[in-house]
Structures are given as structure tokens and as C-alpha cells.
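Engineer: Residue numbers (the working numbering), protein chains in the order written: chain W, 1 to 381; chain D, 1 to 381; chain Z, 1 to 381.
If you're looking for bench data, these hints aren't it; they were derived computationally from the structure.
Quick caveat, the model's predicted, so the values are computed rather than measured.
Treat the hints loosely; a few may be bogus.
What the hints assert, rightly or not - Where chain D lies over chain W, by a calculated footprint (3+ residues, C-beta under 8 Å):
| hint | segment |
| --- | --- |
| 1 | 62-69 |
| 2 | 76-85 |
| 3 | 90-96 |
| 4 | 227-238 |
Unchecked claim - Calculated pairs, EDC-like style, for lysine to aspartate or glutamate (alpha carbon to alpha carbon, straight line, at most 16 Å):
| hint | chain 1 | residue 1 | chain 2 | residue 2 |
| --- | --- | --- | --- | --- |
| 5 | D | Lys76 | Z | Glu337 |
| 6 | D | Lys76 | D | Glu40 |
| 7 | W | Lys123 | W | Asp137 |
| 8 | Z | Lys76 | W | Asp331 |
| 9 | Z | Lys11 | Z | Glu337 |
| 10 | D | Lys378 | Z | Glu370 |
| 11 | Z | Lys77 | W | Asp289 |
| 12 | W | Lys8 | W | Asp346 |
| 13 | D | Lys77 | Z | Glu337 |
| 14 | W | Lys123 | W | Asp139 |
| 15 | Z | Lys118 | W | Glu352 |
| 16 | Z | Lys378 | W | Asp331 |
| 17 | W | Lys366 | W | Glu18 |
| 18 | W | Lys351 | Z | Asp139 |
| 19 | W | Lys128 | W | Glu18 |
| 20 | W | Lys378 | W | Asp289 |
| 21 | D | Lys128 | D | Asp154 |
| 22 | D | Lys118 | Z | Asp346 |
| 23 | Z | Lys120 | W | Asp137 |
| 24 | Z | Lys378 | W | Glu344 |
| 25 | D | Lys377 | D | Asp154 |
| 26 | W | Lys120 | D | Glu352 |
| 27 | D | Lys64 | Z | Asp346 |
| 28 | W | Lys377 | W | Glu126 |
| 29 | W | Lys162 | W | Asp139 |
Where is the CB? At the ideal position from N, CA and C, for every residue including glycine.
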Amino acid sequence: MVNEDVLKRTKQWRGYVEAKLGFRNHWYPAFFADEVKEGEPVKTKLLGENLLLNRIDGQVFAIKDQCLHRGVPLSKKLECYTKDTITCWYHAWTYQWKDGLLCDIMTDPSSQMIGKHKLKTYKVEEAKGLVFIFMGDIDPPPLSHDVAPNFLDDDMVIRGIKTEVNSNWRMGVENGFDSTHVFIHKDSPMMPENKTVVPLGFSPNRGEENEMVTVVKGEDGPTGVFDNIGAHSRPILEGTIKGEPVVHSVMGGDKRIALQISIWLPGTLKVDPFPDPSLIQFEWYVPRDETSHWYFRTLGRRVENAAEETAYDKEFHEHWKPLSLHGFNDDDIWAREAMQTFYEDDWGWVKEQLFEADSNIVAWRKLASEMNRGIQKKENL
Amino acid sequence: MVNEDVLKRTKQWRGYVEAKLGFRNHWYPAFFADEVKEGEPVKTKLLGENLLLNRIDGQVFAIKDQCLHRGVPLSKKLECYTKDTITCWYHAWTYQWKDGLLCDIMTDPSSQMIGKHKLKTYKVEEAKGLVFIFMGDIDPPPLSHDVAPNFLDDDMVIRGIKTEVNSNWRMGVENGFDSTHVFIHKDSPMMPENKTVVPLGFSPNRGEENEMVTVVKGEDGPTGVFDNIGAHSRPILEGTIKGEPVVHSVMGGDKRIALQISIWLPGTLKVDPFPDPSLIQFEWYVPRDETSHWYFRTLGRRVENAAEETAYDKEFHEHWKPLSLHGFNDDDIWAREAMQTFYEDDWGWVKEQLFEADSNIVAWRKLASEMNRGIQKKENL
Amino acid sequence: MVNEDVLKRTKQWRGYVEAKLGFRNHWYPAFFADEVKEGEPVKTKLLGENLLLNRIDGQVFAIKDQCLHRGVPLSKKLECYTKDTITCWYHAWTYQWKDGLLCDIMTDPSSQMIGKHKLKTYKVEEAKGLVFIFMGDIDPPPLSHDVAPNFLDDDMVIRGIKTEVNSNWRMGVENGFDSTHVFIHKDSPMMPENKTVVPLGFSPNRGEENEMVTVVKGEDGPTGVFDNIGAHSRPILEGTIKGEPVVHSVMGGDKRIALQISIWLPGTLKVDPFPDPSLIQFEWYVPRDETSHWYFRTLGRRVENAAEETAYDKEFHEHWKPLSLHGFNDDDIWAREAMQTFYEDDWGWVKEQLFEADSNIVAWRKLASEMNRGIQKKENL
């Protein structure tokens with residue numbers, strides 16, 4: 001799957017380079033909760049696997065979207081004759097959503113196969129309006145180990161959108177966590193309208209290399225990297241070529257944002273606060289297949305009661321979603337897609353030339369290689 | 001061409017799994033006779049080979065659609081200056097339809113190549129309004145060895161249609177011969193309109209496993225498998241999940257159809273009678289390339305004279321073609337295409353899980369592996 | 001890249017068969033001069049490499065269109081803040097057009113990378129209204145060694161067009177230099193309108209095989225092959241099948257053209273005169289990638305002063321471009337594309353069957369295999 005010569009030449013983060021289809025045995029968001037409606041199965045692809053989800057009496061279940069018999073997708077023609085089961089449209093093999101058990105074969109009710117085989121099922125948890133799937137085989141650790149700090153806080157309310165992006169998931173992570181990619185956002189309408197400023201880049205203080213990141217190896221929580229470049233660098237507000245200034249940050253105002261940026265296994269970003277002092281941005285870059293990922297961009301707001309949540313919901317849809325999720329982050333999408341060609345045959349991991357400001361990306365690659373719970377392989381599909 | 005690891009794990013029907021491009025040295029239908037008009041060459045692809053057919057003084061000839069010189073398709077720009085020849089548009093190499101002989105090179109009439117080389121030709125036979133091609137190198141056996149019984153009967157009149165389907169040809173054969181795939185047809189308008197009934201499935205009688213099929217190894221006729229499940233099973237008219245009935249056959253009436261179903265090398269189905277007691281359905285699943293096949297669906301009617309044939313022709317086009325070939329069999333097309341992904345990398349042949357009612361498919365795979373006259377390979381193209 | 005079994009079986013011109021992406025260390029035309037405007041970078045692909053060209057103070061520079069840092073195409077979003085530099089849109093790495101030097105990184109102006117790395121640059125020469133690029137690593141020989149004789153003559157004025165063709169570049173060369181491919185042009189309106197005649201083919205005189213070509217191994221000039229078939233053959237004006245005439249050349253008039261045809265490394269054709277006694281046709285078939293090439297078709301006219309050049313410019317656009325470049329040579333495009341399938345997996349080089357009139361193509365293949373300055377490989381990309 002991944003070129004062996006490349007793996008030999010990227011030993012510092014071999015596991016990360018291998019994980020073209022993502023890390024196995026982690027929790028990933030698959031849908032927003034309101035996309036999975038009672039009794040209306042929906043399909044998706046995660047880490048190369050085809051899944052089918054359904055909500056039954058309020059609870060979400062997930063099964064592999066592939067009949068055991070002849071391998072056809074159940075989703076090709078959905079046939080659910082009872083609330084708890086799904087029947088393959090081809091030969092009427094019928095499975096229970098809760099455990100995948102082949103409970104009936106309507107074309108031959110006396111078949112010895114009945115009751116003896118199970119379709120693969122996936123553990124599901126809902127949290128903060130997102131449906132998470134555990135993509136793996138082991139007993140799942142708590143969801144809290146696979147999301148960024150504060151995401152699950154009781155008073156945190158989450159709203160967001162999901163987009164399919166045509167690049168490998170690692171282009172997503174590295175674009176999001178990349179300190180100096182801010183350069184692509186210099187013309188975003190978010191800064192002037194929201195009275196804030198985003199620098200053009202960061203000049204890391206020399207001699208403070210060891211303080212640029214803080215690595216967290218979660219024992220009772222998530223594993224990730226804090227990017228400390230903000231505290232150990234000079235923000236660049238004026239870009240110069242051969243000493244002459246040629247481009248400037250838009251000085252929208254004095255709201256301070258993006259004070260703390262961190263990335264967490266299996267690939268979720270936290271920017272705190274962003275795009276406003278009252279908000280935290282949480283993002284996921286979920287492997288879809290080798291060349292595409294699901295981009296979940298969400299904004300969290302702390303609320304004290306239902307009325308505040310309702311108000312935030314309106315504010316999110318009318319204001320923050322168009323202004324920042326689209327107005328700021330849409331540029332990240334084409335940037336990731338522009339990186340894809342170079343890394344597609346794996347040689348980009350060898351030929352790239354990182355610079356000082358990429359130290360947080362280096363820390364993430366090493367940590368991810370060391371601490372992931374497994375690597376998704378073609379054999380798992 | 002086919003994954004070697006898969007071949008090692010499918011020894012019971014290795015030859016069948018190998019035959020991704022079909023079986024060599026067999027007769028296949030290529031066109032309906034009226035598609036090949038006097039002096040109007042038409043091209044097609046069979047078993048991965050590009051062919052060009054022409055009708056001359058009523059007789060059909062077939063040649064390889066690839067000039068010997070630089071390999072271009074003759075069909076790219078047809079140039080036929082005499083009735084008996086075709087000239088390559090590029091350098092005017094000119095071939096005889098009847099034997100492929102390079103009889104002239106108009107750009108250099110003194111070339112030593114002339115008269116010494118031959119383009120590959122294919123044996124052709126017309127029968128029952130179909131043009132059959134022998135795809136192979138050996139002396140062809142009679143066409144009667146490669147069609148289902150009764151197809152060539154003197155009083156049999158055939159009408160039908162041809163469709164290109166995006167699945168390997170074996171998905172076509174197995175869909176057609178598959179006893180319990182009838183489940184997909186449960187909503188077809190053919191049954192109520194034609195006052196018949198098709199069950200939802202078949203529950204094979206236990207202890208009668210050895211009587212489920214009759215294998216015919218033709219010495220002076222075709223080789224194939226009769227599916228006897230109808231006589232050794234309980235037809236399922238009511239589908240149940242956990243004991244509760246959830247779906248029923250449409251009881252259109254008491255016309256009895258599909259009493260005898262059989263499959264014949266190199267891949268042709270007979271359903272007798274179908275879709276009416278007065279008709280027999282003959283189908284072919286002809287390999288086009290690794291991922292597509294030609295689906296010939298035809299209906300045969302016994303007639304006593306020309307007036308009856310004329311009446312049948314009208315009845316076929318106005319009634320049976322829309323009601324059954326489309327109204328019933330169109331569902332088979334998407335079912336086959338839905339199987340393709342699972343088998344495309346060959347691993348489906350290992351990962352599938354067959355059940356009792358598939359015994360006729362198992363018998364077919366074994367017979368086809370044993371009795372085919374050769375396997376089409378890339379080298380043959 | 002190229003099938004090893006094929007290379008073993010094509011030893012007479014192995015280097016040529018290997019050169020699927022073209023010959024390295026040669027000059028190739030990339031654009032017409034007026035396509036590269038002052039301060040408006042344009043991208044192209046040559047021999048599989050992505051390039052970006054810009055004109056600065058009248059001089060054209062060429063760089064690799066791929067940032068050193070994360071490999072993205074600079075052309076995805078052009079940002080040129082000073083006349084002499086281009087800045088990557090992603091992290092503001094800034095390069096000098098003239099030598100590729102990484103002269104600034106605007107996101108981190110104190111980076112140690114600055115001034116220590118260079119983007120690949122390409123030597124550029126303009127001649128006769130064409131922009132030539134040296135695709136290689138060695139000190140370039142003069143441009144005059146890589147163009148056909150007379151192309152650079154002081155009094156020669158060139159006009160032409162550029163087309164992307166979907167075939168390997170060698171299908172382009174061999175179509176252009178091929179003596180008997182004239183058969184495809186038999187219906188061109190150029191001959192009757194321009195009062196000339198083009199034969200249907202050439203019957204080489206037997207016993208004069210050794211005089212069919214003249215090979216030139218340039219020491220102080222280009223290396224190529226003259227096709228002498230015109231002087232050593234009988235032109236075919238009437239095509240016959242089994243002795244009967246079936247097709248004739250259009251006898252447009254007695255203007256004599258195409259008296260001398262020659263092909264030159266790295267793949268440029270000269271037809272002298274063509275399509276008129278007053279013109280010479282110069283063509284290039286420039287590798288773009290493995291399955292496409294740039295077809296430059298140009299016509300040269302000798303002029304004595306600027307007024308004559310202006311008159312020729314008008315005559316070219318109004319008359320020769322529609323009548324001959326399109327009216328005659330457009331047929332060559334589909335002919336090359338029709339050859340592509342047969343050669344795409346390399347086996348065409350083994351399976352083809354050349355004939356007597358192809359002796360000039362054989363001479364070209366051998367010469368090109370012997371005298372090229374290198375073979376473009378995937379590693380060079």
C-alpha cells in the first residue's frame with residue numbers, strides 16, 4: 001500500500017507514513033446527529049470501510065455495508081421489514097442492527113446459516129451532536145481519550161458542518177495544525193468583520209526550539225501536541241522581500257484569538273479561542289479512503305441554559321458559519337488538495353523540505369507514530 | 001491477470017476463477033442478424049478482442065479490428081474499395097474479408113509483404129437471427145454444442161435484445177442461474193399482468209442434496225447443469241422475520257412457468273417456460289472485457305408457419321419485450337453491477353459465503369472449470 | 001516505466017523504446033513567444049515535468065512549478081510581489097526567477113533556509129518567435145544542434161500553432177516522417193486549392209535500399225535522417241486492388257512540393273518545401289507526458305525586409321493556417337491518437353510489422369537510440 005523504499009527513508013515517523021488509510025482502534029466522527037434519522041439508514045465510508053448507520057428508538061447502530069453472502073452493498077436498495085433488522089435486497093439475508101446476527105434468510109428459512117454468522121458491527125457513541133464510530137477490533141477506550149480537551153465539557157455546545165475533501169487525511173491535519181499556513185488566510189473577510197488580526201506568519205525565537213511544543217501522552221485522556229509558537233516567536237504582520245515590505249496583515253481590531261492550538265489523536269484540532277474570544281474551533285480530518293477525507297469543522301460555545309443554546313444556534317448559522325467556517329476555512333480545502341499530488345505516491349514524505357516553523361508538525365508525526373493504536377491496512381477492508 | 005493467492009484458495013473451481021475474460025474455443029453470439037447489414041461493417045469487443053464484422057452477398061465475415069502494420073483499428077475510418085476487401089485508412093494495407101489475406105498494399109504495390117500475411121479471422125455462423133462467432137484457435141465443434149437444448153429446433157423462432165452490462169460475465173451467469181435471486185423480482189409487474197406467480201425463494205428439502213442438480217457432459221451436444229430445486233424444495237411465498245410474515249409473493253394467477261432452468265457452456269441460460277407457458281427464455285452473458293459483458297435476452301416460441309412467426313414478432317415487440325425482458329429482467333442488470341466491486345479484485349471468490357440454495361451455482365462452477373475448452377488470456381488479445 | 005520484456009526484444013532501438021517520456025538534455029519548444037507576456041507567468045508540462053515561465057524585462061525565465069517546502073504547484077495561486085520573484089501562496093517561500101534562489105520566506109524572515117536552497121531552473125532561448133527550454137542537467141549545446149537545418153537562418157520567418165495531442169510523442173514523430181502515411185491526406189482540400197499533387201504512396205525501387213536514407217550525425221549541427229524515398233521510388237498516383245484501380249490522387253496542378261523530408265533530434269521534422277514552393281514546414285512533437293505530446297506545426301518563409309514579414313504574417317493567418325495546417329495536418333492528429341492504444345503497454349514495438357517503405361523510420365529509431373543525450377526517467381520528475 002505504501003512504498004517500502006519511502007518507509008525505509010522516513011523512519012522518524014514511519015507509522016504515520018504507513019497510515020495512509022488512518023489509524024485503527026480510534027473513535028472518529030461519522031455524521032452530525034441530525035443526519036441519522038430514526039429508521040432511515042445512511043451510508044458512509046471511513047478508513048476505506050463502507051458502513052451503514054441507522055437510528056432505532058433513538059440509539060444509533062452501525063454495520064458493515066456488505067452482505068456476507070455475495071458481498072453486495074445493502075445500501076444499494078434498502079429493505080428494512082422490521083425496526084430491528086435489515087434485509088439484503090438480493091437473497092433476503094436478514095441481519096439485526098444491534099449485533100449483526102444473521103437472524104433470518106427469507107428465501108430459505110430452513111438454512112443452517114441462520115443464527116451462525118454475524119455481519120461486522122461498529123461501536124457507536126453520540127456526543128455533542130456528533131455520531132462517533134469506533135473503527136477497530138479492540139475494546140474501545142472512552143471517547144474522551146480520542147477528542148480534544150474541553151470538547152466534552154458539560155457546558156460546551158457544538159455546531160458545525162461536514163465536507164468531503166479530495167486529499168489524504170494527513171494533508172488535512174497538517175494544514176490545520178501548520179502555524180505558518182496562516183499566510184493563505186491573509187485576505188479572509190473574517191478578520192476585518194470580526195475586528196481581529198491574524199499574522200502573516202511566525203518567526204520562532206532562536207534558542208527556544210525546545211519550548212515550541214508541549215507533548216501530552218494521555219493516560220486518562222487524549223494524546224496530543226500543543227503548539228507554543230505564539231509564545232515563542234515574533235508574529236509577522238508585514239511581509240518583506242529583499243528588505244522591502246510588500247504585504248501586510250489586515251489590522252481588523254484588537255480581539256485576541258488563536259491563543260492555544262493543539263492537535264490530538266486520531267486527528268482532531270482545537271483552536272482556542274477561534275474565530276472569536278467566545279468560541280473554540282474543533283476540527284476533524286477523518287480518513288475516507290487513501291485520497292479523500294471528511295472535514296468536520298465545528299465551533300464550541302459555553303452556555304448556561306437552553307435559551308443560550310438556542311441563541312447560539314441562531315448566531316452560528318447566521319453569522320459564524322458563513323463568516324468563518326466558509327469565509328476563513330474554505331481556503332484550507334483547496335490548499336490541502338494542492339498538496340495531494342506531491343504526496344500521492346508517498347515520495348513527498350522524502351522530498352519535502354521542512355523549516356523551523358514546522359517543528360510542531362514534526363512533533364505531531366513522531367507522537368502519532370508512537371502512540372497510535374494501530375494502522376489501517378487493506379486487509380481490514 | 002487473476003490474483004495467484006486467490007487461485008490457490010479456490011481450487012474447486014480454479015479454471016472458472018481464472019476465466020475473467022471468458023472461456024476460449026467456444027461459440028458466442030455477437031449481434032442480432034439485422035444489426036449486420038450488407039456492406040456495412042460493424043465493430044464489437046468479445047473476450048477482450050476487437051472484431052469487425054461485415055455481410056457480403058448475405059454471408060457474415062469477421063476479422064480482427066487491428067491492422068498488422070501499426071496496430072490501428074480499421075474501424076477508426078472504414079475504407080472498403082471492393083466488396084470483398086477492407087483497406088486500412090493509414091497506409092492502405094488491404095485485406096480479404098473471407099480469409100484475412102493481405103492481398104494488396106496500395107501505397108506500395110510491389111511490397112514483398114503482399115500475399116504473405118493474414119489478419120486473424122473468426123468463424124461465423126448465423127442461427128435463429130443471431131450471429132455467432134467462434135472465439136478460439138481450434139477446429140470449431142458444431143454450434144449445437146454451445147447453445148442450450150431446443151434453441152436450434154426447427155420450429156423455434158427467436159426474438160430478443162442486447163445490452164452492455166458493467167459487470168464481469170460471471171456475475172451475469174450466476175445472477176441468471178441463481179435460484180433465490182427471484183427475491184429481487186418480487187415487485188415485477190410481469191406476474192400480476194401475466195397471471196402467474198414467482199416465489200420469494202426456495203427452501204431445499206434436506207436429505208435431497210444430491211438431487212438438486214443434473215449435470216450433463218455433452219458428447220454430442222451441449223454441456224450444462226439443470227437446476228432441480230423446483231422439484232426438491234418448498235417454494236417460499238411468504239417471507240418471515242422472527243416468525244412474523246413481512247412480505248408476500250404477488251399471486252397473479254395460476255399460469256405455471258420456470259419449471260426447468262438450466263445453464264450451458266460457455267454461459268447461456270434456458271428458462272422453460274418463461275415468462276409464459278408458450279415461451280422459452282434463452283439468455284447469454286458474453287464476456288466483453290474484464291468488467292463488462294453483453295447481455296443477450298431472447299424469447300423463443302414454437303411456430304408452425306410464417307403467419308405464426310409474423311404474429312409472434314408483433315406480440316414480442318408489443319407485449320413481451322416491455323412486460324418481461326424490461327419489466328422483469330432489467331432488475332437483474334443493476335443486481336449484477338452491484339456484485340462487481342466485491343469480485344473485481346478476485347478476492348470475492350474467497351470471501352463470499354454460499355448457502356444451501358447455491359448448490360446449482362457450485363455445480364456450474366465445477367463443471368465449467370472441468371469442461372471448458374480453454375481460458376482466454378491477455379496473450380490472446 | 002517501460003516493460004523489460006519489451007526492451008529485451010527491441011534491441012535494435014532500445015533507447016528509443018525506453019524514451020517514453022522523451023530524450024533528456026535537449027532543447028524543446030514550450031510556447032510561442034507571444035504566449036509568454038511580461039509579468040504574466042504561464043505553466044506547461046514537458047517530459048513529465050511541470051514548469052512555470054515568466055517574462056521579465058523582455059527576457060523569459062523558467063522554473064520548476066513545485067515549491068521546495070511541501071511540493072505544491074506555485075501556479076495554483078500566483079503571487080508575485082516583486083518583478084524578479086515569485087512567492088508560494090502557501091507559506092510565502094519566495095524565489096528569484098533568474099536562478100531559483102530561495103531569497104525570502106515571508107512567514108519567517110529569520111529562517112536559516114533562506115539563501116541556502118534553490119528551486120530548479122531551466123535554460124531558456126528564444127528564436128524565431130518560439131520559446132525553447134533545455135530539459136536537462138548538462139551544459140546545453142547550442143540551440144542550433146537541436147533544430148532542423150535552415151530553421152535559424154537569418155531571413156527565415158516562422159509562424160505556427162500549438163496543439164495538445166493524446167498520443168505518445170513517438171507516434172507524432174513517426175506519423176510526420178512516415179512516407180506512406182500520405183494516404184490519409186488523399187482528400188485534403190490543400191492539393192486542389194494549391195494546385196499541387198500528393199501521391200497515395202511510394203513504391204521503393206528494389207536494389208536501392210541503401211540509398212533510401214541519408215543519416216547525419218551532427219558534429220557542429222543537428223543530428224537527423226533525410227528520407228530519400230522521393231528519388232528512389234515510383235510515386236503511386238493510382239491505388240489498385242487485385243489489379244483494378246479503385247482510388248486516385250487528386251491532380252491539383254504542377255506545383256512541386258515535399259522534395260526533401262528530414263527528421264532531427266530530439267524530434268523535429270522539416271518538409272522542404274511545403275505546402276507551397278515558397279514555404280518550409282517545421283514541426284515538433286514535444287513529449288508532455290507518457291500519453292500526450294505538444295504538436296508545434298510551423299511554416300517558414302524567407303523574407304528580405306519587414307514589409308515582406310508583415311505580408312507573410314497576414315498570408316499565414318488568412319490562407320496557409322486554415323488551408324494546410326488545419327486542412328491538411330488535422331488528419332495527422334487523429335491518426336496518431338489511433339496508434340496510441342497499440343503502443344501504450346509497449347508491446348506494440350514488438351508486435352508491429354514494418355514494411356519496405358518504413359526504412360526511414362527504422363533509420364530514425366536507430367539513430368535516435370544511438371545519438372540522444374539521455375533518456376528521461378521518472379526519477380527526473
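Engineer: Checking one constraint from the list: CA of Z/Lys120 to CA of W/Asp137, max 16 Å. Satisfied?
Structural biologist: violated, 48 Å
Engineer: With the threshold set at 16 Å, check whether the alpha-carbon distance from W/Lys128 to W/Glu18 stays at or below it.
Structural biologist: Outside the cut-off at roughly 31 Å; violated.
Engineer: Against the 16 Å threshold, does the CA-CA distance of D/Lys77 and Z/Glu337 hold or violate the hint?
Structural biologist: Judged against 16 Å, a Cα distance of about 13 Å means the pair holds.
Engineer: Assess, step by step, whether the Cα of W/Lys378 is no farther than 16 Å from the Cα of W/Asp289, and give holds or violated.
Structural biologist: Distance of about 10 Å is within 16 Å: holds.
Engineer: When you check the alpha-carbon spacing of Z/Lys118 and W/Glu352, does it fall within 16 Å?
Structural biologist: The given pair, whose Cα atoms are some 13 Å apart, holds under the 16 Å limit.
Engineer: Within 16 Å, alpha carbon to alpha carbon, are W/Lys377 and W/Glu126?
Structural biologist: violated, 26 Å
Engineer: Checking one constraint from the list: CA of Z/Lys11 to CA of Z/Glu337, max 16 Å. Satisfied?
Structural biologist: violated, 26 Å
Engineer: Going straight from one Cα to the other, do W/Lys123 and W/Asp139 come out at no more than 16 Å?
Structural biologist: holds, 9 Å
Engineer: Given the hint that W/Lys8 pairs with W/Asp346, does the C-alpha gap stay at or below 16 Å?
Structural biologist: It holds: about 12 Å lies between the C-alpha atoms, which stays within 16 Å.
Engineer: So if I understand the rule, the pair passes when the alpha-carbon distance is 16 Å or less; does D/Lys378 with Z/Glu370 pass?
Structural biologist: Outside the cut-off at roughly 33 Å; violated.
Engineer: Straight-line Cα separation of D/Lys118 and Z/Asp346 no greater than 16 Å?
Structural biologist: Given that 16 Å is the threshold and the Cα spacing comes to 23 Å, the pair is violated.
Engineer: Taking 8 Å as the C-beta cutoff, is the stated coverage of the segment 76-85 of chain W by chain D satisfied by three or more residues?
Structural biologist: holds (count 4)
Violated hints for the displayed structure, listed by number in ascending order: 4, 9, 10, 11, 16, 18, 19, 22, 23, 25, 27, 28, 29.
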